[in-house]
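Q: This is what each chain is made of:
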Amino acid sequence: AQSVTQLGSHVSVSEGALVLLRCNYSSSVPPYLFWYVQYPNQGLQLLLKYTSAATLVKGINGFEAEFKKSETSFHLTKPSAHMSDAAEYFCAVSGGNTDKLIFGTGTRLQVFP
Amino acid sequence: SQTIHQWPATLVQPVGSPLSLECTVEGTSNPNLYWYRQAAGRGLQLLFYSVGIGQISSEVPQNLSASRPQDRQFILSSKKLLLSDSGFYLCAWSIRYNSPLHFGNGTRLTVT
Numbered sequence: 001a002q003s004v005t006q007l008g009s010h011v012s013v014s015e016g017a018l019v020l021l022r023c024n025y026s027s028s029v030p031p032y033l034f035w036y037v038q039y040p041n042q043g044l045q046l047l048l049k050y051t052s053a054a055t056l057v058k059g060i061n062g063f064e065a066e067f068k069k070s071e072t073s074f075h076l077t078k079p080s081a082h083m084s085d086a087a088e089y090f091c092a093v094s095g096g097n098t099d100k101l102i103f104g105t106g107t108r109l110q111v112f113p
Numbered sequence: 001s002q003t004i005h006q007w008p009a010t011l012v013q014p015v016g017s018p019l020s021l022e023c024t025v026e027g028t029s030n031p032n033l034y035w036y037r038q039a040a041g042r043g044l045q046l047l048f049y050s051v052g053i054g055q056i057s058s059e060v061p062q063n064l065s066a067s068r069p070q071d072r073q074f075i076l077s078s079k080k081l082l083l084s085d086s087g088f089y090l091c092a093w094s095i096r097y098n099s100p101l102h103f104g105n106g107t108r109l110t111v112t
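Residue numbers (the numbering used here), protein chains in the order written: chain A, 1 to 113; chain B, 1 to 112.
Take the hints with a grain of salt, since some may be wrong.
For lysine to any residue, the following SDA-like pairs were computed, each having C-alpha atoms within a straight-line distance of at most 25 Å [stated by the list, open to error]:
#1 A:Lys-49 x B:Ser-77
#2 A:Lys-69 x B:Ser-29
#3 A:Lys-100 x B:Ser-57
#4 A:Lys-100 x B:Val-12
#5 A:Lys-100 x B:Gln-2
#6 A:Lys-49 x A:Pro-113
#7 A:Lys-49 x B:Lys-80
#8 A:Lys-100 x B:Phe-88
Some chain B residues well away from chain A (every beta-carbon gap over 10 Å; in silico) [as the list claims (entries may be wrong)]:
#9 Gln-2
#10 Pro-8
#11 Ser-17
#12 Ala-66
#13 Arg-68
#14 Lys-79
#15 Lys-80
#16 Asn-98
#17 His-102
#18 Arg-108
#19 Val-111
Pairwise CB distance ranges (calculated) [what the hints assert, rightly or not]:
#20 A:Asn-41 x B:Ser-17: 37 to 47 Å
#21 B:Ser-17 x A:Pro-79: 28 to 38 Å
#22 B:Gln-45 x A:Tyr-39: 35 to 45 Å
#23 A:Gln-110 x B:Glu-59: 28 to 38 Å
#24 A:Glu-71 x B:Glu-22: 17 to 27 Å
In case anyone wonders, no lab produced these hints; they're calculated from the structure. None of the values given here were measured: they were computed from a predicted structure. All C-beta atoms in this analysis are idealised placements derived from N, C-alpha and C, irrespective of residue type, glycine included.
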C-alpha cells in the first residue's frame, strides 16, 4: 500500500521568504511523486512530478522538489514566496501497476506582505 | 489539446433528492477517469475510477455510484442524498499508469 504524509496543515511565510512544504511517502514499489496546487474553488493543477529520472525536479511558478529515497521525502521548495503563491498544496504518490493516485491531506500556504 | 469539463459548478440539493454530476473529456481517447471528493479541512478521497467503458471501481462504500456510458463521459450519481454527501467533487483524467491526473474545476455540492 502507498501513503503520503504532509507535515503541517498550515504554513505561513513572509513575501520573499523561502517556502518549504514537507511531504513524506510510503511505497513498497518505486514511487511516482507529484505536487499539485489548488486555488479556492478550483480544481488541482500539476506543479511538478518525479518519475525516476533526475532527483531534483523543477516545476512551474518557480517551485522545485527533491526526491530523497533515504528519507522517503519529496519536499516542495521555492526560494522566494510571492503573494500569488497563497493556495493549498497537495503531495501525491503512485507506483506499480496502479491507476490510483494517493493524495496527502494538503498544506495551506499563507503569504504575508 | 485535452480539456475536461465538469458541471454544474455549484449545486444545492435537499436531503433525499437525487444527484447527477457529469464530467467529459475532450482531445484524448480511452482515458482513465476518476471522481474525488474533498471535504472541508480534509484531503482528497478517491471515490471511483474507471479504466474503460462500463468498468467502474469503487473505493469506499457509500451512498454514491458512478457510470461511464461513453469513453470520455463519467457520471456521479445518487438516488437519495445525505447531509454527509456535501463537499467539493472533482473529476479527473489520466492517460496511463502513474501519469499525472488532470482535474476539472470541481462541483461544490451542498446538501440541506
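Q: For a quick check of understanding: which of the numbered hints are violated here, in increasing order?
A: The structure conflicts with hints 1, 2, 4, 6, 7, 16, 17, 18, 20, 21, 22 and 24, although it agrees with all the remaining ones.
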